[in-house]
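Colleague: Residue numbers (our numbering), protein chains in the order written: chain A, 1 to 296; chain B, 297 to 616.
Hints in this document: simulated from the structure, not taken from any laboratory.
Some hints could be false.
[Unchecked claim] Computed list of chain A residues with no C-beta within reach of chain B, every gap over 10 Å:
no., residue
1, Gln73
2, Glu79
3, Ala89
4, Tyr130
5, Phe148
6, Asp158
7, Phe214
8, Val277
[What the hints assert, rightly or not] If the Cβ cut is set under 7 Å, some of the chain B residues that face chain A in the computed set are:
no., residue
9, Trp353
10, Phe356
11, Thr379
12, Val425
13, Thr456
14, Leu508
15, Thr593
Everything numeric in this text was worked out from a predicted model, so none of it was measured.
Even for Gly, the Cβ is constructed at its ideal location relative to N, Cα and C.
Here is how the chains run, residue by residue.
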Amino acid sequence: MTSGTPKTAGPAPNRSRRGGPRAGVLGSAGLYAATGLAALLFLVPFYLIVRNALSTDSEITGEEWAFFPSDIQWGNITEPFDDPTVDFARSLWNSAVVGTLHTVGTLLVCSLAGYGLARIPYRHADKVFYAVLGTLMVPTAVTFVPSFVLVSSLGWVDSYRGLIIPGLFSGFTCFLFRQYFLGFPRELEEAARVDGLGYWGAYWRVVVPNSLNFFAAIATITFISGWNSFLWPLVIGQDPSAWTVQVALSSYMTNQTVNFHLIFMATAISILPLVCVFLFLQRWLVQGIAQTGIKG
Amino acid sequence: MSTTTARGAARPAPAKGFPRPRRQLRASSTFNFWLFTGPFLIGLLIFVYVPILWSAWLSFFEARFTVTPSEFIGFENYRVMLTDERFVGSLVTFTVFAALIVPATWALSLALALAVNRLRFMRAFFRSVFFLPTAVSYVAASLVWKMSIFNGVRFGLANTVLGVFGVDDTAWLANPNPPWYWLVIVTVRLWLQAGFYMILFLAALQNIPRELYEAAAIDGARPGWQTFRYITLPQVRATSTAVILLLLVAAYQAFDEFFNLLSKTTWGRPPLVELYYKALGDNQDYGAGSAGALILTLLICLVTLLQGRFMGFGRGEDGR
């Protein structure tokens, strides 16, 4: 709290309107020093991943702490792919497939349901809505035992079906879509209805094309949580050929032989796609989260 | 004519219930409603409601290595779980974890939001830096924490830094006494999630009307603690409540970092890790595992309701 307590906590969104916080040179320098220090601490783990990934094992475990690797090992980059014990390339591919299909499926199923709940008049719609809300009270992770039992009795263990399908029905994402559609301007839909479109036509030709920003924000959040999820892939991916990249990473930690630079290179490769997504979509992702309020 | 019908059907109902359509529209509305929500509801039924009910059913049976049990044993599984030291211990572990991580994340994310909000230059840069860990998975972060920062030997970063001050190497994770592993567990999650909640607080801070601060200044409130205490804090109350609820639910579901940081140890197991070993470990005891999951679910519902009662969740204007 010390670093953040404002002298005058004005939300200065408008730069031209000075006034308000007159922190003075000293206060301002202190603010920047504290924030800068916090930022450095936040960056240390990223730095360690890159540093270790590009070092030799003897340098990582050496007596003397080397801040910068004395001899950068670019050759380390291919090593996770040559490792015979874990099929790292396969796990990346699995994650990409699962992440993509998970995102597409969730968007499709949850947005339709959210629209139906928000816009289509039906006598029992409120009861249906409560049935959806009720599932928010039960954290999905708590149901993993019976879900595993169900999925394994369907014969979906070690399959993309088992990895993807049970995760598509997120009450939370449906709820977010409903909230969004409640605020969607009605005039656009009414114009489509005048032109003779039904709900279905109006949805695809008017509502979706005008909601791409929101869809993209939810897609990004869904992809991130899909790519990063661990418990369900761990339970379902019993055979190494069905491992996602998170399960593969975890398996490195329990391996008998610890190969530091390989582990950190694999970690670097696993987070690189998402860090890129973050850096490119940053501003807009922040807006999406601020709008929806909550993570999916 | 069609315009008025559409308008009539689409007019928002102010307080309760849904707009009543004209009679001829009702049938088509009903069909469309199920067309849109049907796929989701079927999935919800199969993959959420059925597992919950199946779990409830299994919890009353002796179900080891089988999911089609025959021996009904009543509340025996519940008795077993509630007297199981490890399961009860896992609830204690969770309580300690929540007591540490919830206030820590709340304070840090609010502090970061206040700081970033006050910056004049490089605001976007700092926001990005704090937000970036959200992209990293718990598995990857646990790996860095366990193998690089809090490695028990000399080359771990923490021990190297402490070594400069003449402190002996600490076995951060390998020894529950003193419980240094909490420092590792809490900092990894703090790093991963503080930036995300900072964004929520930033949004809330930017919605505070500037006039409030000006009025306070006129009334003689000294900038600093006073304005923070009497203006900022009440104004972000709704967001705070939502954030705390989200943090609690997320803490209940803690699995990834505990599993990866402490997999081989018997201490520091939260409920989900305990249930994972119980139901999918050597014994594959689905009955007891299901009973544990239900006990946990009931606890979560209870805490959520209590929190709602005490903190007024849902009453705030932006406590979505």
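Colleague: Is it the case that valine 277 of chain A keeps its Cβ farther than 10 Å from each residue Cβ in chain B?
Modeller: At about 7 Å from chain B, valine 277 of chain A fails to clear the 10 Å cut-off, so the statement is violated.
Colleague: Does the nearest C-beta of chain A fall within a distance shorter than 7 Å of the C-beta of tryptophan 353 of chain B?
Modeller: Constraint on tryptophan 353 of chain B not satisfied, violated at 9 Å.
Colleague: Do the numbers back the hint for threonine 593 of chain B, that is, is its least Cβ distance to chain A under 7 Å?
Modeller: holds, 5 Å
Colleague: Holds or violated: is there a CB of chain A closer than 7 Å to the CB of phenylalanine 356 of chain B?
Modeller: With a minimum Cβ separation of about 13 Å from chain A (threshold 7 Å), the hint on phenylalanine 356 of chain B is violated.
Colleague: Should the label of phenylalanine 148 of chain A as a non-interface residue stand, given a Cβ cut-off of 10 Å to chain B?
Modeller: violated, 7 Å
Colleague: Does the claim that glutamate 79 of chain A lies off the interface hold, with its Cβ farther than 10 Å from every Cβ of chain B?
Modeller: Glutamate 79 of chain A clear of chain B: closest Cβ-Cβ about 16 Å, beyond 10 Å.
Colleague: Measuring Cβ to Cβ, find out whether glutamine 73 of chain A lies farther than 10 Å from everything in chain B.
Modeller: Correct as stated: the minimum Cβ-Cβ distance to chain B is 16 Å, above 10 Å.
Colleague: Should the label of phenylalanine 214 of chain A as a non-interface residue stand, given a Cβ cut-off of 10 Å to chain B?
Modeller: holds, 15 Å
Colleague: Hey, does aspartate 158 of chain A actually stay past 10 Å from chain B on C-beta?
Modeller: Holds, since 14 Å exceeds 10 Å.
Colleague: How about threonine 456 of chain B: closest beta carbon in chain A under 7 Å, or not?
Modeller: holds, 5 Å
Colleague: Is the Cβ of alanine 89 of chain A farther than 10 Å from every Cβ of chain B?
Modeller: holds, 17 Å
Colleague: Grab the minimum beta-carbon distance between tyrosine 130 of chain A and chain B and tell me whether it stays above 10 Å.
Modeller: At roughly 12 Å from the nearest Cβ of chain B, tyrosine 130 of chain A sits farther out than 10 Å, so the non-interface label holds.
Hint compliance for this structure: hints 5, 8, 9, 10, 11 and 14 are not met, and every other hint is.
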